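**Student:** Chains as they are written, first to last, in the numbering used here: chain Z, 64 to 291; chain B, -13 to 240.
If you are wondering where the hints come from, they were derived from the structure by calculation, not from laboratory data.
These numbers were taken from a predicted model, which means no experiment stands behind them.
Keep in mind that a hint or two might mislead.
If the Cβ cut is set under 7 Å, some of the chain Z residues that face chain B in the computed set are [unchecked claim]:
# : residue
1 : V78
2 : F142
3 : K144
4 : I146
5 : P147
6 : T149
7 : D152
Each residue gets a CB set at the ideal place from its N, CA and C atoms; glycine is no exception.
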Amino acid sequence: MEEDLVLKVRNLKVVLDKEKILEDLSFEVKEGEVLTILGPNGAGKTVLLKTLLKIFPYQGGIIWKKGIKIGYVPQRLPFIKNIPLTVKDFFKLKNVSEKKTKEILKEINLEEVFEKEVGKLSSGQFQRILIGWALAKNPSVLLFDEPMTGIDLPGKGTLYSLIKRLKEKRNLTILLVSHDLNVVYKFSDYVICLNKKILCEGKPQIVLSPETLQKLYGGEIKFYKHFH
Amino acid sequence: MDFQLLLSLISGIFIGGVAGFLGTLMLSKRMALVAGPLGHLALPGIALALIYNFDISLGAFPFIILGVILIWLFEIRTKLPIEALTAIVFASGVAISFLFLPIEKAETALIGDITKVSLKATIVSVILSILIAILVKEIYSKMVLINISEDLAKAEKIDVKKYNLLYLGIVGIMIALGVKMVGGLLTAALVAIPASTSRNLSKNLFQYNFLSTFFGAFSALLGILLFKIIHFPVGPLIIIISAFFFLISLIFKK
Chain Z
64 MEEDLVLKVR NLKVVLDKEK ILEDLSFEVK EGEVLTILGP NGAGKTVLLK TLLKIFPYQG
124 GIIWKKGIKI GYVPQRLPFI KNIPLTVKDF FKLKNVSEKK TKEILKEINL EEVFEKEVGK
184 LSSGQFQRIL IGWALAKNPS VLLFDEPMTG IDLPGKGTLY SLIKRLKEKR NLTILLVSHD
244 LNVVYKFSDY VICLNKKILC EGKPQIVLSP ETLQKLYGGE IKFYKHFH
Chain B
-13 MDFQLLLSLI SGIFIGGVAG FLGTLMLSKR MALVAGPLGH LALPGIALAL IYNFDISLGA
47 FPFIILGVIL IWLFEIRTKL PIEALTAIVF ASGVAISFLF LPIEKAETAL IGDITKVSLK
107 ATIVSVILSI LIAILVKEIY SKMVLINISE DLAKAEKIDV KKYNLLYLGI VGIMIALGVK
167 MVGGLLTAAL VAIPASTSRN LSKNLFQYNF LSTFFGAFSA LLGILLFKII HFPVGPLIII
227 ISAFFFLISL IFKK
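In isolation and in its complexed conformation, chain B is listed as follows (with noise of 0.2 Å):
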């Protein structure tokens, strides 16, 4: 197997895997579709990346930590909801990234390559998705109480601010993953899709997280080993994997 192939796989399967266990958490706080609107806030960034050189992850990151705190104010202050707040914020991010994006390069922002991951990003990809994992691991119970009931959570002496804080974060880190991956208009899909399809076919929590993480990583993996042989772009053929599986699990729904 050549050296390039096996970054591309490494790296797919871990953030890809990441996505769907953290997806698990954006499905049950309705939260998917955000994933999307961050995915596009990135994209000035991504902008930035492409034009001057530098990893995409590493541009896209600070723009979409910004529309998270955005996000995050807003809706202390309006009340909104967060679905809307974050069309505010990512529609402005498109807008301002198209204003200088030069347009050979807008493929690989909006669909993503990860292709030509180097050792280095891969290693940084690795070592994120691990610490995501992580975190996601050590909030999920709060999260999921939250996401049930914030007043539950708070009874229960939740704080449940610093928490959506700490998610958010953790959407971030992901979502700035994600685009090297899936570019920024497909990232949405990767934390929706396996989640969504492991609810369908899990009884109980274990399951789902499980289920969400394997088809997140298989997804992955067959999307890459798929462009070897067709040559199509790996992001799309990634999210119809997974889109592919989905329909799958249609059938054999609980």
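Bound conformation, chain Z alone (with noise of 0.2 Å):
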């Protein structure tokens, strides 16, 4: 695999009960890179996150570069709630120790949280705390679904800047799913549309033009593009 290569996607099927939900992906990721994955509800956004994580069965190709750490931040833990979780109580739950569990809640702002059952965190407060848990253990690759669902605006003020900071001082690669046009002109290096296959990829501004979007989504879908 090519030096700088994080990830090498090629021919990628999944079928899952007898549904095709991907088709011949194949891409591949640039160390240091945001690359986000676009796609409407149903796309098949979550599974290819999932297949690269290895849990679902495919065929075709995942090469990840040799030895290298994964962190996963799921989109909603909902059942989370059926025990009194603290923080602390959360990461322990991955062997991570007190004092490096302090020093990831610093990193993400949210020293104050420490003993704080977790599900009375608000849910930009919750987003946080799960990419620290990716985090703890020192991944290079993030892998993230859906992390503005749910969280208010001023919430997804907050994480667009964390996972901004967190990927300079990290030097993190990070592989994205989302619906939300804006988190891929906030972050993205390179985007991929999918629906069940690649529809179309590229650098954001020069591949999101009206008719992709359309082809992409279908119907009709109004946006205007943002520039910073």
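Two chains, two frames, a set of hints: combine them into the complex.
**Tutor:** Now the structure itself:
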């Protein structure tokens, strides 16, 4: 595999319960890159992430750089409220020491929640905890599943800047799936439009024209490019 | 204190305590009720033990293991909720046992009796309880993670199938012990109520585990002592006391 590649996917096909979810995907992720996989609901984005984590069976090739550590930030964890779990406990499940947990909380600006119940955090705080949790074993790649879902506007702002800061500090490669076009414009170096197969790919400003978006989402979609 | 009472108390405290501890995992997996059906499933085994006069747990165990394996296989094959699968398996168990269970033995089978437990059975109960506690502690973190999200657990390279089977095996041993104390009908309560009580009162995982173990053991202790005084069936007494603690916990619910 080429030096600067973190992940190489070749002719990936996923069939679950006899239904074709993903067809013939091929793409690469470079080190330090932020790759967004954009697509409507049901496009197979989450399945793709989970397949890359080898949770689902697949055909084709998924080649990660040798010895690379991957952190996964899931979309939601509804069952976490079933048990009284503090943030400290939550990190302990992964064998993270209290000292290290505190360091991570500092890094994500949430030192005050160390002893707080996870189920009582706001959705923005919880999302940051999930990011911190994924980072606990110092991975060099982060996989994000819809990082902005269910988070209010100020919370989104905090999250954007946090992810940006962590990425630079830790030199992370980030692969995220989202249906949110803002995410694409704020973060991405590269974007792949997915609806069971790859419909378009390239730099966001070039690829995301009204025509490609209509192709991707179907029907009429109004979107105005932000230039910051 | 008479020796028989001492044996009953020791068995009761150990079985009740470890049931409470295991219950904290079952509650988080929304599986507390599975213990009930598994208790019912043990009934044919209990019936055999009562007819041929050997230890109830010994009779119950093979039937529970059979049921656990069936449920595990069904879950992998069908993706139906585990509760539904358990219901299918357990109803069959009840039906079979009542084909041949003599009616005068039915009470012990259904609501248990720990007041006549032998020395040998007490030792076995204590050893098995300790074994369960060690195993539960061993798999606890990973099971909690699996309960929160199987995908997250798989991303952490946890072998979910293996842990689920191990967990069900532990539940199986627990039920075999539980049926001796409170019978096939009430075993679910033995694991579900202390954990629920503790859930109401705890703010972190340590409190949750500790209080659940405590309420499990303490309810058994009080239940057996109360039996000595009022001579009502001991199994139901333990469960009623446990439920009473649950009601009180509602007042202090965090």
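**Student:** Now tell me, hint by hint, if it's right for this structure.
**Tutor:** Hints versus structure:
1. Checking V78 of chain Z against chain B by beta carbon gives a least distance of about 16 Å; that is not within 7 Å, so the hint is violated.
2. The criterion of a C-beta within 7 Å of any C-beta in chain B is met by F142 of chain Z, whose closest approach is roughly 5 Å, and the hint holds.
3. Proximity of K144 of chain Z to chain B is violated relative to the hint, the smallest CB-CB distance being about 10 Å (cut-off 7 Å).
4. This hint holds: I146 of chain Z has a C-beta 4 Å from the nearest C-beta of chain B, less than the 7 Å allowed.
5. Given hint, P147 of chain Z at the interface with chain B, holds; its Cβ is 5 Å from that chain's nearest Cβ, closer than 7 Å.
6. The interface hint given for T149 of chain Z holds, since its Cβ lies 4 Å from the closest Cβ of chain B, which is under the 7 Å cut-off.
7. The closest approach between the C-beta of D152 of chain Z and any C-beta of chain B is roughly 4 Å, which is under the 7 Å cut-off, so the hint is satisfied.
This entry does not satisfy hints 1 and 3, going by the numbered hints stated previously.
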